[in-house]
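*Asks:* Chains as they are written, first to last, in the working numbering: chain A, 1 to 481; chain B, 1 to 95.
Keep in mind that the hints are not guaranteed to be accurate.
To be verified - Covered stretches of chain A (chain B as the covering partner; in silico rule of three or more C-beta atoms under 8 angstroms from a C-beta of chain B):
{"id": "1", "segment": "85-99"}
{"id": "2", "segment": "117-130"}
{"id": "3", "segment": "230-240"}
{"id": "4", "segment": "318-327"}
{"id": "5", "segment": "338-348"}
{"id": "6", "segment": "376-386"}
As the list claims (entries may be wrong) - The calculated lysine to aspartate or glutamate pairs, modelled on EDC-like cross-linking and capped at a C-alpha distance of 20 angstroms, are:
{"id": "7", "chain 1": "A", "residue 1": "LYS383", "chain 2": "B", "residue 2": "GLU69"}
{"id": "8", "chain 1": "B", "residue 1": "LYS18", "chain 2": "A", "residue 2": "GLU251"}
{"id": "9", "chain 1": "A", "residue 1": "LYS233", "chain 2": "B", "residue 2": "GLU69"}
{"id": "10", "chain 1": "A", "residue 1": "LYS37", "chain 2": "A", "residue 2": "ASP143"}
Said to hold, decoys possible - Calculated Cβ distances over 12 angstroms to all of chain A for the following chain B residues:
{"id": "11", "residue": "GLY30"}
{"id": "12", "residue": "ASP45"}
{"id": "13", "residue": "VAL67"}
Since the hints were derived computationally from the structure, they do not count as laboratory data. All values reported here derive from a predicted model rather than from experimental measurement. We put the CB at the ideal spot given by N, CA and C, even for glycine.
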Amino acid sequence: MINKTLAELASGLDSGEFSSVELTQAYLDRIQAEDSKYNAFITVTATEALAQAKAADARRSAGKAGPLTGIPLAHKDIFCTAGVKTSCGSKMLDNFIAPYDATVTHNLAEAGMVSLGKTNLDEFAMGSSTESSYYGPSHNPWDLTRVPGGSSGGSAVAVAARLAPAATGTDTGGSIRQPASFCGITGIKPTYGRVSRWGMIAYGSSLDQGGPMTQTALDAAMMLNAMAGFDAKDSTSVNKEVPDYTLRLNEPLKGLRIGLPKEYFGAGLNPDIAACIQSAVKQFESMGATVKEISLPRTDLAIPAYYIIAPAEASTNLSRYDGVRYGHRCDSPVDLFDLYTRSRGEGFGDEVKRRIMIGTYALSAGYYDAYYRKAQQLRRLIKNDFEAALQEVDVIMGPTTPAPAWVVGEKAKDPVSVYLEDIYTISANLAGLPGMSIPCGFVDGMPVGLQVIGNYFDESLLLNIGHQFQQSTDWHTKSAV
Amino acid sequence: MSLERSEVEGIAQLARLKIEAADIDSYATGLNNILNLVDQMQAVDTTGVEPLANPLDAVQRLRVDEVTEANQRELFQTLAPQAEAGLYLVPKVIE
Chain A
1 MINKTLAELA SGLDSGEFSS VELTQAYLDR IQAEDSKYNA FITVTATEAL AQAKAADARR
61 SAGKAGPLTG IPLAHKDIFC TAGVKTSCGS KMLDNFIAPY DATVTHNLAE AGMVSLGKTN
121 LDEFAMGSST ESSYYGPSHN PWDLTRVPGG SSGGSAVAVA ARLAPAATGT DTGGSIRQPA
181 SFCGITGIKP TYGRVSRWGM IAYGSSLDQG GPMTQTALDA AMMLNAMAGF DAKDSTSVNK
241 EVPDYTLRLN EPLKGLRIGL PKEYFGAGLN PDIAACIQSA VKQFESMGAT VKEISLPRTD
301 LAIPAYYIIA PAEASTNLSR YDGVRYGHRC DSPVDLFDLY TRSRGEGFGD EVKRRIMIGT
361 YALSAGYYDA YYRKAQQLRR LIKNDFEAAL QEVDVIMGPT TPAPAWVVGE KAKDPVSVYL
421 EDIYTISANL AGLPGMSIPC GFVDGMPVGL QVIGNYFDES LLLNIGHQFQ QSTDWHTKSA
481 V
Chain B
1 MSLERSEVEG IAQLARLKIE AADIDSYATG LNNILNLVDQ MQAVDTTGVE PLANPLDAVQ
61 RLRVDEVTEA NQRELFQTLA PQAEAGLYLV PKVIE
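Kindly generate the complete structure, drawing on both the sequences and the hints.
*Replies:* Right under this line is the structure:
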């Protein structure tokens, strides 16, 4: 049962092979037995899950079940869940019980999905490995000594270790795609504005986007159907009709125009990963796609621009944690300044403090033009490069990451070296484009992801490509457990 | 460019972050490493390029100025480190 996809679980529930309560209990048992070695979950909500499962079974008996009703999932602990601790991986929010549901968790609950609990992440989603979590790192199920990627690392581990059949993630610079790649699962970051950010704890508000993390593209399509849509409560939500993402999955790929950016295949790329990507591209050619080399000339500038824009937005967003209304408060503050600075100094970890300080500096008087304005200008040029490329091709393909998952602690002394690992994913966030990672091979026993970047609101095409690839390959069926 | 100790202390104060004196140097190194990385930006001529704040170039959506949410003060104050009589308590600000 635990290796089944959402689509398979849905048909098992439909045929009465098992109930939602049985299914939910099976995953809860697995989490209890196995998660001590993975540390995928920060909070497991067994009682609530079983109550939701019971309600889902009743809904099914009443003939009112939808395609996802009764299927369990895990939520990244960045989404507010009413009455349940929502920590964002931080000591700052270790005592925070969200008073409301995020739109994403609300929508998935309305669809009848059962929440098993909340998954581990880098503190406030700032990281690519879960190593900055207050709750310690999660471990990659393919090799427990290695990181699962991040920031949505706990969600990726939960799916890859079959502790949950699907999970939510968020992606600010690669935080869905990179852990999906490291753990051998499917993950899609939708177009900016496609999925509501309301109740999703903010890191870089102009970059953050939630999305599904699943075993297959079909599952991602089913979940995105329930996640996407306009939300008046998110001022950056886009009021545009949501297609049924499962409808185009079976369209043939004949005539698909694929662009391979030469900058994504340069010296920094592990040659064995390059070989996996080339062989995936050949597979698409055999399915009737055409391939051409393209150029995204400002690829190298994406990381510098990101490490101004994201910290600047973070320094503003995280100013709300002041020790007054909720969250960590220091003992015996002598005055208001002491209350603010010690509460924040104690509540935030090193990486979060570094990024807040960089952002504060970049936005401070005298430095704004040199850093923040400059980064936003580069962001425009990076977006223009993508728009030009997407005139010539339908999608852009390349590696999700330059190297496979690293060993826990290996890069701890050099955070900037970790930033560089996001070279292929960050620019899609800067441009606001949708991007997907699907499994396409292994290097030294560790999974490799193929990244597919598409045009604005063209998630259907990405999922179609993912599904067609998964119909003709079996990388996505490989299980770590 | 490179940040000095005193500048790091100034930034920490602006950001309302208490950094222990013993940790200032390691923060200075960490911040300087990031600034070295982002300094590549300065080599690009961006004259006349309009800054991009929202990837879709969207502007803030407006709504009618009317009350849409109920007051949930009691619920929200259950989360407060210190609240009393409907108020959030902080150290005395005015002598």
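*Asks:* Closest CB-CB distance from GLY30/B to chain A, is it above 12 angstroms?
*Replies:* At roughly 5 angstroms from the nearest Cβ of chain A, GLY30/B sits no farther out than 12 angstroms, so the non-interface label is violated.
*Asks:* With a cut-off of 8 angstroms between beta carbons, are at least three residues of the segment 338-348 of chain A near chain B?
*Replies:* Holds, because 9 residues of the segment 338-348 of chain A bring their Cβ atoms closer than 8 angstroms to Cβ atoms of chain B.
*Asks:* Compare the distance between the alpha carbons of LYS233/A and GLU69/B with 20 angstroms, and conclude whether the hinted pair is satisfied.
*Replies:* Distance ~11 angstroms between LYS233/A and GLU69/B Cα, so the pair holds.
*Asks:* Closer than 8 angstroms, Cβ to Cβ, for at least three residues: run that test on the segment 85-99 of chain A against chain B and report holds or violated.
*Replies:* holds (count 3)
*Asks:* Verify this label for me: VAL67/B is non-interface relative to chain A, using a Cβ-Cβ cutoff of 12 angstroms.
*Replies:* holds, 15 angstroms
*Asks:* Apply the coverage criterion to the segment 318-327 of chain A and chain B: a residue qualifies when its Cβ sits closer than 8 angstroms to a Cβ of the chain, and three qualifying residues are needed.
*Replies:* holds (count 7)
*Asks:* Tell me whether the statement that chain B covers the segment 230-240 of chain A is true, taking a Cβ distance below 8 angstroms and needing three residues at minimum.
*Replies:* holds (count 4)
*Asks:* In terms of beta carbon proximity below 8 angstroms, does the segment 117-130 of chain A have 3 or more residues touching chain B?
*Replies:* Violated - the segment 117-130 of chain A has 0 residues with a Cβ nearer than 8 angstroms to chain B, which falls short of three.
*Asks:* Cut-off 8 angstroms, C-beta pairs, minimum 3 residues; does the coverage of the segment 376-386 of chain A by chain B stand?
*Replies:* Holds: 7 residues of the segment 376-386 of chain A have a Cβ under 8 angstroms from chain B.
*Asks:* Taking 20 angstroms as the top limit, are the C-alpha atoms of LYS37/A and ASP143/A close enough?
*Replies:* Judged against 20 angstroms, a Cα distance of about 11 angstroms means the pair holds.
*Asks:* Against chain A, does ASP45/B keep a CB gap of more than 12 angstroms to every residue?
*Replies:* Check fails; 10 angstroms does not lie beyond 12 angstroms.
*Asks:* Is the Cα-Cα distance between LYS383/A and GLU69/B 20 angstroms or less?
*Replies:* Violated: LYS383/A and GLU69/B sit about 37 angstroms apart, past 20 angstroms.
The structure fails hints 2, 7, 8, 11 and 12 (numbered hints given earlier, in ascending order).
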